[in-house]
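Line order of the protein sequences matches chains W and P. Mapping of the first sequence onto full-length UniProt numbering: residues 1 to 622, in sequence order. Mapping of the second sequence onto full-length UniProt numbering: residues 1 to 111, in sequence order.
Calculated directly from the structure, the hints in this document are not laboratory data. Please read these numbers as outputs of a predicted model, since none were measured by experiment. C-beta atoms are modelled at their ideal positions from N, C-alpha and C, and glycine is treated no differently. Keep in mind that the hints are not guaranteed to be accurate.
[Said to hold, decoys possible] Simulated coverage check for chain W against chain P, where a stretch passes if three residues somewhere in it have a Cβ under 8 Å from a Cβ of chain P:
| id | stretch |
| --- | --- |
| 1 | 128-136 |
| 2 | 230-243 |
| 3 | 301-308 |
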Amino acid sequence: MSTYAQKKGAGAVIWDFLTTVDHKKIAILYLIAGGFFFIVGGLEAMFIRIQLAIPDNNFVSAGVYNEILTMHGTTMIFLAAMPLVFAFMNAVMPLQIGARDVAFPFLNSLGFWLFFFGGVFLNLSWFLGGAPDAGWTSYASLSLASEGHGIDFYVLGLQISGAGTLIGGINFLVTIINMRAPGMTYMRMPLFTWSTFVVSALILFAFPPLTIGLFLMMFDRMFGANFFDHTMGGNTVIWEHFFWIFGHPEVYILILPAFGIFSEIFATFSRKRLFGYSSMVFATVLIGFLGFMVWAHHMFTTGLGPIANAIFAVATMAIAVPTGIKIFNWLFTMWGGSIKFTTPMLYAIAFIPSFVAGGVTGVMLASAAADYQYHDTYFVVAHFHYVIVGGVVFGLLAGTHFYWPKMFGTMLNEFLGKISFWLFLIGFHLTFFIQHFLGLMGMPRRIFTFLPDQGFETGNLISTIGAFFMAISVIVLLINIIMTSVKNEKVGNDPWGDGRTLEWALPSPPPFYNFKQLPLVRGLDAYWLEKMEGKKGMTPAEPLGDIHMPNNSFIPFVISLGLFIAAFGAMYRAEHSWGLPVLIAGMLVTLLSMLVRSVKDDHGYHIHKEDLIDDNDKGVKA
Amino acid sequence: MANQQPTSGNPKVDLEYRRRKNSEEMRYQVITFSLMIFLTLIAFAAVGFSDFSGWFIVPFIILLAVIQVIFQLYYFMHMSHKGHEAPQLFLYSGVLVGALTLLAFMTIVWW
């Protein structure tokens, strides 16, 4: 099956990606799909800023504005940030621990297709009678009153894509626990792998509450239940609790991988061991743990009472401690290092002050008494964009430049990369810094327009100009990607020259079996250790042998497609007679393909030792 | 993976030791199984005798349920064996998160 080196037609390539179970190809799928939804969410953001550029604007109507605003938040969190994070986890984590693939390659593919179909379903709402319009938090008292099918799209789409995320998280956990190479102890794992591990645990515990909340909402809206309807004895606050028990860990699910990417970048381009490795691991785990204790700080003004508010305020402020540990460790990693200012490193350096600014406003918002003033103003909008854009998006953009050669075998242009960095940095601060003051002056969030002569004009205009800088930056990045792909100049194993971890010991992109022989890991920064002793590559930990590989499968696509069809049936069941049959047919497609998967044995295949032997490769004759 | 030793047919496996270990394991399972049935009978009895108030019966049955779960995990799902540290960590973290959610719902949602 050494087909990977041959030239293939477009159809064969598409079929290959539809059926692939290879973690590197699934990473590329996640990157493309996540990148697409990032552009969609970005366009929605531009529409928001254009509408708010001048007072009394009528670029969009109030109803459409609500839909754009809801879809911007939902798309960016669930369909852009999550899959992009998953793209890097899939591409890098198995290589970093010295594994040939993830533990369950089939499930990996299933996770992607569930996410993809959920995302497509959610976005089809634009063409089928209106998008969800109750905000990305979709609070029950508002969303139960929403007419049309918008909220149904939200509930069903997120249910499907959430199942995919949960599957992915469990897969990564098993991979990290069971498939580390010989010598790769927990305390030798690179920080990105550590953050993947903690994040997967957070996914495991945080997504079930979302699933339950969405199920209750689904039954309330589509099957006549009354969980959230207080006139029927329900309780609307339950949704808020479920949503934030999920939602607060969710923001750590997004930021921790970014922390992991930055930790790799700081160590690589300071050409120094990461300062305080064990305290970094400790801080990552502690942030994950505390992330479950603070959800009610999103609900200070719901009337939880002073005791609950005080407890959650103190717990929230406690998170500043492990985050501070991380910030200082990054600073000390750079201290005395021989720093190389590459594009990823620029993002990493700019991340520190930007994220700290977001953290400081976070502590301000955590003071429950003061929060009554900040609540539902643009101050909150400024805060969470500082942490999400200044943290997560910077991390993802840095990761795109840093890992691009490992994923595609070509280097993104550094000059264009730096242009897009500066445009993005300036645009980001221009857009969101002023929003702190708009909020403090009393501009409420989620409004579709504002009146003139209230002091909001200048601030909003500046904010809109900043948004255009970010849009141009993303366009420059896209041009960079297209140029690089067209030129297609292949690079070697370690294109940055300072790679520290195992993935840089492999060719770019790695062969489909990753490691011919599993490497022997002798310490933290395994590849750096070998390079410092004058070796060219890793010492193998096993003799050359047959490699067992999984077969490609189209079943994950079909399972997800079945749920996609069933979702339409569930939604239109009440008003069209074809709804119920479609629901049943969709479920049958899913269940039958699961049955086929269970009944039909698929043992995979072996790459034989003889096919792996290559006279140019010195490691083979060992 | 071709480089891993399959466990069956491995000459180093001590069959005598395995057999002894298995019968010991079996004895534990029979004991805990009969204990679990006994606990279930007590639970039924607690409801059956209506002399007790609900304030006693409900916590009592929950306590019995917790004991049964522990038996199930440790004796039937082999968590008492070595090498189950990771599942233990995740089970207990899950219990913690679940308990916290319940606590919050009982104290601040249904006030």
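- Check, residue by residue, whether the stretch 128-136 of chain W contains three or more positions whose beta-carbon lies closer than 8 Å to a beta-carbon of chain P, and give the verdict. Answer violated; 0 residues pass the 8 Å Cβ test.
- Tell me if chain P covers the stretch 301-308 of chain W under the three-residue, 8 Å CB rule, please? Held - the stretch 301-308 of chain W has 3 residues with a Cβ nearer than 8 Å to chain P, which meets the minimum of three.
- Are there at least three residues in the stretch 230-243 of chain W whose beta carbon sits under 8 Å from a beta carbon of chain P? holds (count 4)
Consistency with the previously given hints fails for number 1 only.
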